[in-house]
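Participant: Below, each chain spelled out in residue letters.
There are 2 protein chains.
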Amino acid sequence: MGDAMTRPLLAVTLGDPSGIGPEVALKAVAEPEAQGLARYLLVGPEQIARAARDRFAPSLRLETVPSASQLRAETDVGLLSISAEPLEAFPTGQVSAASGRAAVVAVETAARLVLGGEARAIVTAPLHKEAMHLAGYRHPGHTEILGELCGKKATMLLSSPRLRVIHVSVHCSLREAIERVTPENVGAAIRMAQEAGSRLGYARPRIAVAGLNPHAGEGGMFGREDDEAIRPAVEEARAAGLEVSGPWPPDTVFLRASQGEFDVVVAMYHDQGHIPVKLFGLEGGVNVTLGLPLIRTSVDHGTAFDIAGRGVAQHESMLEAIRVAVRMVRSGAQPPPGSNPRYD
Amino acid sequence: MGDAMTRPLLAVTLGDPSGIGPEVALKAVAEPEAQGLARYLLVGPEQIARAARDRFAPSLRLETVPSASQLRAETDVGLLSISAEPLEAFPTGQVSAASGRAAVVAVETAARLVLGGEARAIVTAPLHKEAMHLAGYRHPGHTEILGELCGKKATMLLSSPRLRVIHVSVHCSLREAIERVTPENVGAAIRMAQEAGSRLGYARPRIAVAGLNPHAGEGGMFGREDDEAIRPAVEEARAAGLEVSGPWPPDTVFLRASQGEFDVVVAMYHDQGHIPVKLFGLEGGVNVTLGLPLIRTSVDHGTAFDIAGRGVAQHESMLEAIRVAVRMVRSGAQPPPGSNPRYD
Numbered sequence: 001m002g003d004a005m006t007r008p009l010l011a012v013t014l015g016d017p018s019g020i021g022p023e024v025a026l027k028a029v030a031e032p033e034a035q036g037l038a039r040y041l042l043v044g045p046e047q048i049a050r051a052a053r054d055r056f057a058p059s060l061r062l063e064t065v066p067s068a069s070q071l072r073a074e075t076d077v078g079l080l081s082i083s084a085e086p087l088e089a090f091p092t093g094q095v096s097a098a099s100g101r102a103a104v105v106a107v108e109t110a111a112r113l114v115l116g117g118e119a120r121a122i123v124t125a126p127l128h129k130e131a132m133h134l135a136g137y138r139h140p141g142h143t144e145i146l147g148e149l150c151g152k153k154a155t156m157l158l159s160s161p162r163l164r165v166i167h168v169s170v171h172c173s174l175r176e177a178i179e180r181v182t183p184e185n186v187g188a189a190i191r192m193a194q195e196a197g198s199r200l201g202y203a204r205p206r207i208a209v210a211g212l213n214p215h216a217g218e219g220g221m222f223g224r225e226d227d228e229a230i231r232p233a234v235e236e237a238r239a240a241g242l243e244v245s246g247p248w249p250p251d252t253v254f255l256r257a258s259q260g261e262f263d264v265v266v267a268m269y270h271d272q273g274h275i276p277v278k279l280f281g282l283e284g285g286v287n288v289t290l291g292l293p294l295i296r297t298s299v300d301h302g303t304a305f306d307i308a309g310r311g312v313a314q315h316e317s318m319l320e321a322i323r324v325a326v327r328m329v330r331s332g333a334q335p336p337p338g339s340n341p342r343y344d
Numbered sequence: 001m002g003d004a005m006t007r008p009l010l011a012v013t014l015g016d017p018s019g020i021g022p023e024v025a026l027k028a029v030a031e032p033e034a035q036g037l038a039r040y041l042l043v044g045p046e047q048i049a050r051a052a053r054d055r056f057a058p059s060l061r062l063e064t065v066p067s068a069s070q071l072r073a074e075t076d077v078g079l080l081s082i083s084a085e086p087l088e089a090f091p092t093g094q095v096s097a098a099s100g101r102a103a104v105v106a107v108e109t110a111a112r113l114v115l116g117g118e119a120r121a122i123v124t125a126p127l128h129k130e131a132m133h134l135a136g137y138r139h140p141g142h143t144e145i146l147g148e149l150c151g152k153k154a155t156m157l158l159s160s161p162r163l164r165v166i167h168v169s170v171h172c173s174l175r176e177a178i179e180r181v182t183p184e185n186v187g188a189a190i191r192m193a194q195e196a197g198s199r200l201g202y203a204r205p206r207i208a209v210a211g212l213n214p215h216a217g218e219g220g221m222f223g224r225e226d227d228e229a230i231r232p233a234v235e236e237a238r239a240a241g242l243e244v245s246g247p248w249p250p251d252t253v254f255l256r257a258s259q260g261e262f263d264v265v266v267a268m269y270h271d272q273g274h275i276p277v278k279l280f281g282l283e284g285g286v287n288v289t290l291g292l293p294l295i296r297t298s299v300d301h302g303t304a305f306d307i308a309g310r311g312v313a314q315h316e317s318m319l320e321a322i323r324v325a326v327r328m329v330r331s332g333a334q335p336p337p338g339s340n341p342r343y344d
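Top line first, the protein sequences correspond to chains A and B. Counting along the first sequence from 1, when you hit position 317 you're at 317 in our numbering, and nothing is skipped either side. Counting along the second sequence from 1, when you hit position 1 you're at 1 in our numbering, and nothing is skipped either side.
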């Protein structure tokens, strides 16, 4: 396909149609920088996409196509509709089963485009979990939907321009997260950090592993998991040749990484990694799904029902998600083991 | 004493003499801004104080006194020695029992000066826990030393110019921290946040309470503590008239507070609060001890043995600790119930 020279095609989902997803997606793909980086196929309800275009990107040409294969090479932004329902079917700023369903169908459709080789990466706008649940889905988020679709365990990388974080666990209680801190799980997260680093373009990523307990356990005074579960995994990975260190005190390792000392940090649970990345959120936080035979990036914010339809949503995170997806497409790093042979 | 007009006297400990404490203390009190804010009584080994003065603040006059009461009114910086041992007794950059002992004795001495009304606040440089343990002490840190000395349960406030955080628990394992998330403990932390806010000068502090689990439990899907332990405490405090809200998703509440939405955040465990405050660390993080009949602030960094004696330590945190102590002395807020009658 010669993507190193031409612009890759990205499948961009509109997220929950009741939230700010359609707004940030249209605003982002209409940016001159985004137009220069890639071509786009928006995936969502047609009426929602057209309403968002009319309001937030009125000069953008949007070509509806019945399938990705019918997108013309000269089209910058196409639209693959997954619902013919009218605008009123998707109440702005409200939880609804219709919006929950449309959001999930868009993700599944976009993922199949990438798995089938018709698009190079999927970039996603936010879902609303309650709406998904009303529609009968039980997935906590994108990562799990995509993992199920691909039959693989997906892992999420949180990325901001200053900090990249892999989690040992994400969507579970803190009690359950502690149980998941085992040498096996930490080792798997370290390997995932290695994959993330290389796919993001770091030749030999410097990986820092955070501790679980205050001060990484302070020699056993504040818990034993750091010494008994995390340290063995770090030592094994180092013996295998990875540039990895830890367990580091959790309260300073993210600061150190943000100052350039490490390329990727392995966090032990959801908020340990999410708190520091979100503090850099104004610079455009991004989620990247790893461990799957496709490239997927996403905004790191929610549907923001409270400001939906008001035109005030910031699209910096969506634009950064596009940048990261393009960087991954171009990095040339090998796809993970067992990936779909039609990928790249 | 008329401190609103004159400069209050602060007792400043030098911390572990083998670390960067003496350096940051001398650099900070020598700053013109610090000289304008307060007068100082350094508390630590005399030879250490004089060596640090000679090297890091050579133009500073340092008057050794046998007791605080003998400090002359016109002295800007006095020195109360707690050890006559030579410099060599305190090996630079190394853990030693001598340094651990000197550090603790300095804290106890300085605290008694404040409890006895001879100084208005204590500002502390960092301890080294292993050194303290070698010297036979079992306290995890300043907060516990001072709590024992005063016969009260002390609580730590982490403060930076952008963010102020109270913790439900600090120095314990994450497993133990979860057990401590009870309505009683969360309620006590909220009341402490109220005290902190008023002592820092907020007339009616806006208090945000963080959740424990990802997304504050997401309606019970990721754990029940948010709904069963935290929410009741928030509602009770609100019913009592406090301006308090939560439990909020932990990964965004600190960002929101740093943007000005809240004055004080109640964090559920050590790293939940320490990670965001340390990310702002370059602006000068400070620890404030609450719940005691004395004002105490501290740097939020450690002894940094790796750079001790090299002259490269930053003293912004120590300077900010001085600023916060002076603000608390001047705020005029009532000392906590049961405080020493000789206080203020």
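Since the hints were made in silico from the structure, they are not lab data. Note that the coordinates shown come from a computational prediction; the quantities given were computed from them, not determined experimentally. Quick reminder that beta carbons are idealized off the backbone N, C-alpha and C, glycines included. A couple of the hints might just be wrong.
Unchecked claim - Computed Cβ-Cβ distance ranges for the label pairs, DEER-style:
{"no.": "1", "chain 1": "B", "residue 1": "A89", "chain 2": "A", "residue 2": "A239", "range": "40 to 46 Å"}
{"no.": "2", "chain 1": "B", "residue 1": "R310", "chain 2": "A", "residue 2": "R238", "range": "39 to 45 Å"}
{"no.": "3", "chain 1": "A", "residue 1": "P232", "chain 2": "B", "residue 2": "G260", "range": "32 to 38 Å"}
{"no.": "4", "chain 1": "A", "residue 1": "P183", "chain 2": "B", "residue 2": "G201", "range": "55 to 61 Å"}
{"no.": "5", "chain 1": "B", "residue 1": "E228", "chain 2": "A", "residue 2": "G136", "range": "40 to 46 Å"}
{"no.": "6", "chain 1": "A", "residue 1": "G151", "chain 2": "B", "residue 2": "G201", "range": "55 to 61 Å"}
Participant: Now look at each hint and say whether the structure bears it out.
Facilitator: Against the structure, the hints come out as follows:
At roughly 41 Å, the beta-carbon separation of A89(B) and A239(A) lies within the given 40 to 46 Å, and the hint holds. Range check, R310(B) to R238(A): Cβ separation about 28 Å, and the 39 to 45 Å hint is violated. Evaluation of the 32 to 38 Å hint for P232(A) and G260(B) yields a failure: the beta carbon distance comes to about 44 Å. At roughly 49 Å, the beta carbons of P183(A) and G201(B) sit outside the given window of 55 to 61 Å.
Range check, E228(B) to G136(A): about 28 Å between beta-carbon atoms, so the 40 to 46 Å window is missed. In this structure the hint that G151(A) and G201(B) lie 55 to 61 Å apart at CB holds, the actual value being about 58 Å.
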